[in-house]
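Q: Okay, here's what each chain looks like letter by letter:
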Amino acid sequence: MEQEYTLQIENLRSSFLTDNGEVKAVNEVSINVPKGSIVGIVGESGCGKSMTARSVMRLLKYPGKIMGGSILLEGKDLTQLSEKEMQSVRGGEISMIFQEPMTSLNPVVKVGKQVSEAAMLHQNISAAEAKELVLEIFRRVGISEAEKRYESFPHQLSGGLRQRVMIAMAMICRPKLLIADEPTTALDVTVEAQILKLMKQLRDETGMSIIIISHNLGVIAELCDYVYVMYAGRVVEEADVFTLFESPRHPYTKGLLNSVSALELEQERLETIPGSVPNLRRLPAGCAFCARCAYAMEYCPEQLPQLQEVAHGHRVRCHLVEGGAANGEE
Amino acid sequence: MLKSIASRIGQTLIVIVGVAMLIFFLLRIVPGNAVATMMSEHADAATIARISAELGLDKPWYVQFWIYITGALHGDFGTSYALHRPVKELLLLSFPNTVKLAVLAALVAWIIGVLAGIVAAQKKNGFLDRIFMGFSLLGVSMPVFMVAMILQYTIAYKLHWLPISGGDSLKCFILPAIALGWNSAGSIARLTRSTLLEVLQEDYIDTARAKGRSQMGVIVLHALRNAMLPVLTMMALQLSSLLSGAVITETVFGINGIGRLAVDAISGRDIPLLQGTVLFTTVLVVLGNLVADCLYTVLDPRIRKEA
Numbered sequence: 001m002e003q004e005y006t007l008q009i010e011n012l013r014s015s016f017l018t019d020n021g022e023v024k025a026v027n028e029v030s031i032n033v034p035k036g037s038i039v040g041i042v043g044e045s046g047c048g049k050s051m052t053a054r055s056v057m058r059l060l061k062y063p064g065k066i067m068g069g070s071i072l073l074e075g076k077d078l079t080q081l082s083e084k085e086m087q088s089v090r091g092g093e094i095s096m097i098f099q100e101p102m103t104s105l106n107p108v109v110k111v112g113k114q115v116s117e118a119a120m121l122h123q124n125i126s127a128a129e130a131k132e133l134v135l136e137i138f139r140r141v142g143i144s145e146a147e148k149r150y151e152s153f154p155h156q157l158s159g160g161l162r163q164r165v166m167i168a169m170a171m172i173c174r175p176k177l178l179i180a181d182e183p184t185t186a187l188d189v190t191v192e193a194q195i196l197k198l199m200k201q202l203r204d205e206t207g208m209s210i211i212i213i214s215h216n217l218g219v220i221a222e223l224c225d226y227v228y229v230m231y232a233g234r235v236v237e238e239a240d241v242f243t244l245f246e247s248p249r250h251p252y253t254k255g256l257l258n259s260v261s262a263l264e265l266e267q268e269r270l271e272t273i274p275g276s277v278p279n280l281r282r283l284p285a286g287c288a289f290c291a292r293c294a295y296a297m298e299y300c301p302e303q304l305p306q307l308q309e310v311a312h313g314h315r316v317r318c319h320l321v322e323g324g325a326a327n328g329e330e
Numbered sequence: 001m002l003k004s005i006a007s008r009i010g011q012t013l014i015v016i017v018g019v020a021m022l023i024f025f026l027l028r029i030v031p032g033n034a035v036a037t038m039m040s041e042h043a044d045a046a047t048i049a050r051i052s053a054e055l056g057l058d059k060p061w062y063v064q065f066w067i068y069i070t071g072a073l074h075g076d077f078g079t080s081y082a083l084h085r086p087v088k089e090l091l092l093l094s095f096p097n098t099v100k101l102a103v104l105a106a107l108v109a110w111i112i113g114v115l116a117g118i119v120a121a122q123k124k125n126g127f128l129d130r131i132f133m134g135f136s137l138l139g140v141s142m143p144v145f146m147v148a149m150i151l152q153y154t155i156a157y158k159l160h161w162l163p164i165s166g167g168d169s170l171k172c173f174i175l176p177a178i179a180l181g182w183n184s185a186g187s188i189a190r191l192t193r194s195t196l197l198e199v200l201q202e203d204y205i206d207t208a209r210a211k212g213r214s215q216m217g218v219i220v221l222h223a224l225r226n227a228m229l230p231v232l233t234m235m236a237l238q239l240s241s242l243l244s245g246a247v248i249t250e251t252v253f254g255i256n257g258i259g260r261l262a263v264d265a266i267s268g269r270d271i272p273l274l275q276g277t278v279l280f281t282t283v284l285v286v287l288g289n290l291v292a293d294c295l296y297t298v299l300d301p302r303i304r305k306e307a
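Heads up: the protein sequence lines correspond to chains A and B, in order. Each residue of the first sequence is one higher than the last, beginning at 1 in the working numbering. Each residue of the second sequence is one higher than the last, beginning at 1 in the working numbering.
Hints in this document: simulated from the structure, not taken from any laboratory. No false leads were mixed into what you were given.
Some chain A residues near chain B, calculated using beta-carbon distances under 7 Å:
#	residue
1	Q87
2	T103
3	S104
Just so we're clear, the structure is a prediction, and the values are computed from it rather than from any experiment. Cβ coordinates follow ideal geometry from the N, Cα and C atoms, glycine included.
Produce the complete structure using the sequences and hints provided.
A: Here it is, written out as structure tokens:
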């Protein structure tokens, strides 16, 4: 069966070009987002997940730069577009919502205006029509008293409401793809659950695709169809969400899953992954995780493992699974 | 919003009354007898006493104060000792010139300053940034009288492009406005550049870009309004330095303005004239700050009181 993709990232390389040389923050990353699916990218801070998302939007912060690879939005390579063409993609075909709803809205502009601005940028409509659209989308994302909220300034709204405003802004032009960069990290858990539910509901209604970036496995499990685990700028494991949570193969993925508290297990202490994220300037030639890996073998620091398909759609970058000799199960 | 503006107006009135009192007492504390100064060496003690009595300077300070305050409330600042004309008349005569100078200087300072700041922030560390910041450093570090004399020598004396001094036409005000405004332009440009660079790092700038705004749209519609908040404060503060700078500029360029009137009043110990000029200038500065405060309330919804 021919799978249709909204977004295909192929061998993306993005780096920070600093005075002390190139820092490879995203290294040969390939991610496929099937139409109508929710794809999660998970990993620790600094693993390159946000950088990957910003590369898709071509909104890398200085001195970040896309060094190679392609980003195909329904076949159109975003890396080849001019800045002008890219502006019509941003907010029109791809929208993004950010981690901090408290600071992501302009403090001196009414939230209604900020959302209608997005509508007017991409649709040839009048201010009055845009306002109607905004009120409609406000109701749809669960903002009560839409008329009143339209006139509100960001500081008058709670964090959950602001994130709803951000979602409304992202949704107003019916994008093909929504990128949510840690959309619920700054919110408390009850609000988080509401926002996640809303995103899922919007996906079901509109058929858009969503990329969700998170370090929170609970969020990923709740929402995603497919998951990519990133470590030190590379994808180390990818699978559909059930496979990933049922039978993770990469030692890092296992470590991540073990470090989540499960209420049904009687644990004395939460397990952690020893060590910390490696310095991207001084990565080993081989596997970047080997210094923290309990199963590291002699040649792990020298030889870079390739992504191996271990089951249909389940790929792992680890020497343990190569050739099927060892599969990482103790 | 109206309530906060009203309370600011009330505060403004208190400041003006306070300054009026301060000027009065300061002038009485300062050593030197006004009448003796006016008469110079020709005066004997009897004449000085007679003149003092005529001017009301022999009365107790609280009587003098009462006369001064009640007069000022009616717009009567007394009669100039040296020029023998009502202070009010002199003020109204010089006021237009000072306003012309200050407004031109403020325009030079604020328009050029803000534009240079925006361009410099856009081309951070580039050629234009260095040029603009160099000019702004010159402006900030050179005293007004020095800039004035350099301009007079080069543009007026050597190149004959503009008149050296005097005159009432707009042309005569160009050099004084540049001399007076350069300093303010320098600090405004620097502040605009740094706050704009800071604001451009904010998350909501990313949001605006993610919406599909162009760089220009992001700056004009989202960054500038936030970056202008501290700049506006500085502009309000600069009003007083523009008016005090006008004292020097008017003297160097021979403009008949309030600043020059104040200088004459100081050197001649002309108490009513000095009280009048200082009070008048105070009112201008305080009103300027009031306008800035009101603008602040309009620009930044966060400081508006909830209705």
